[in-house]
Amino acid sequence: MALCCGENQILSTSLTIKDRLGSWKARWGIGRMDHSMEPGLYAVGIPDEDSPVLVTSNYKMTVDRVRENLGGRDLWLMVLDTEGINVWCAAGKGTFGTEELVSRIDETGLRGKVTHRELILPQLGATGVSAHEARKRSGFKVIYGPVRAEDIPYFLDNRLTLKADMRKVRFTIFDRLVLTPVEFVIAMELMLKVFGAMAILSALGILPVERADYLGLMGATFMGTFISPLLLPWIPGRAFSLKGMVTGLVWAISAVLFLFLRGNANWLQFFSYMLILPSLSAFFTMNFTGSSTYTSLSGVEKEMKAALPLIIAALTAGILIRIVSYFI
Amino acid sequence: MGFKYLKGVAALKLDRDKCIGCGMCGTVCPHAVFTISDNKARINDIDLCMECGACSMNCPVSALTVRKGVGCAYAVLMGMFSGNKDGEGPSCGGSGCCG
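Chain order of the listed sequences is A and B. Here my numbering is used: the first residue of the first sequence is 7, the next is one more, and so on. Here my numbering is used: the first residue of the second sequence is 153, the next is one more, and so on.
Hints listed in this document are in silico derivations from the structure and should not be mistaken for laboratory results. Owing to the predicted nature of the structure, the values given are computational and were not obtained by experimental measurement. Each hint should be verified, as a subset may be incorrect.
Simulated restraints, written as ranges between beta carbons of each label pair [to be verified]:
(1) A:199 with B:156: 32 to 40 Å
(2) A:199 with B:170: 48 to 56 Å
(3) B:189 with A:80: 34 to 42 Å
DSS-like mimics (lysine-lysine), calculated; alpha carbons at most 30 Å apart, straight line [as the list claims (entries may be wrong)]:
(4) B:170 with A:199
(5) B:192 with A:169
(6) A:308 with B:165
A virtual CB, placed ideally from N, CA and C, is assigned to each residue, including glycine.
Given the sequences, and given the hints that come with them, work out the whole structure.
The structure is reproduced here in structure tokens:
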């Protein structure tokens with residue numbers, strides 16, 4: 007009792023509307039890089055010298071996920087400086103790492119707050135933290151808790167044990183859904199430049215760009231950044247680019263069919279769409295590897311070596327054919 | 153639903169002679185690549201490995217080696233342009249994704 011909470015800020019376990027709005031904005035890429043909080047040692051409830059110490063990153067969305075699962079508990083939350091990045095990505099970069107952990111223990115004076123020498127880290131932090139190294143350097147034993155914050159209560163209530171599936175990353179349709187807005191926003195940053203260039207070429211009278219061109223590209227972007235991620239396990243193929251090509255092809259065929267039924271019979275235009283739209287979708291879907299929870303570097307490199315030259319060739323050929331088609 | 157990426161690419165190696173069967177790799181692996189039996193770790197299914205490096209990082213006897221890196225096309229693409237530090241895989245960074 008007495009140890010708490012002079013200089014340590016107390017963290018609430020309930021989220022405000024502002025907290026939820028902050029998470030929502032970050033999902034859309036708004037202020038995502040500034041969605042962080044001050045590193046340090048925080049009190050949840052009224053912790054004492056025997057209370058468990060949880061460790062997390064200083065991405066605010068992460069801290070929110072952790073604290074909303076700690077209702078009614080008394081413990082310490084040590085927030086590492088990961089530059090506002092979530093645990094897994096920060097661990098991959100090494101900012102959620104042994105070095106930061108050890109120095110944060112010193113900086114927060116944790117040794118004076120608790121008499122035990124145990125830290126509970128999120129399992130996904132293990133990519134950046136070496137448990138035995140941290141123990142050697144700090145005297146604290148690192149215990150890896152669950153992957154997901156929602157399983158922390160189970161972990162704490164069951165003598166720090168977990169069910170097997172709590173140690174596994176998932177990638178449910180909901181997990182994928184919440185990742186799509188930022189995929190779409192980042193893709194649109196690129197596409198708006200493309201549309202701008204097309205509009206200028208059109209305004210200058212150099213190329214008679216049609217509305218169908220914009221809509222076709224928009225559709226392919228949507229396929230690659232939203233439909234492919236959402237339907238990921240049900241789309242044939244293992245390589246993401248292949249999956250993206252499939253969804254893009256579905257879109258291209260639909261677009262061509264629609265134009266044909268409306269009386270358009272520019273076969274070169276159709277052919278160019280069949281090249282451009284699947285390639286674009288393949289490219290954006292391939293970028294979703296970075297958001298997925300199961301792709302390896304070796305795999306991505308192998309996939310890119312095969313897919314990237316094809317994508318570039320098909321895009322180039324498609325664009326040239328489309329240009330020719332304007333004038334025939 | 154089990155997700156599986158490309159077959160036969162993961163660069164993960166386990167030296168069973170060094171392994172002391174502490175089970176740390178099984179604890180930290182987010183894809184349940186390892187099982188521990190007869191006081192030794194065993195690789196169940198190497199195609200489930202995403203090369204995150206958590207196992208090698210936490211193996212106290214260095215029995216595990218893995219080519220650690222992020223399976224992110226954007227990072228690989230950026231790495232191609234900016235050039236990787238020797239032997240090191242691409243990492244998240246810069247603008248765009250993981251910051």
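Okay, the hints, checked on the actual structure:
no., hint, in the structure
1, A:199 with B:156: 32 to 40 Å, "36 Å, holds"
2, A:199 with B:170: 48 to 56 Å, "52 Å, holds"
3, B:189 with A:80: 34 to 42 Å, "39 Å, holds"
4, B:170 with A:199, "55 Å, violated"
5, B:192 with A:169, "21 Å, holds"
6, A:308 with B:165, "19 Å, holds"
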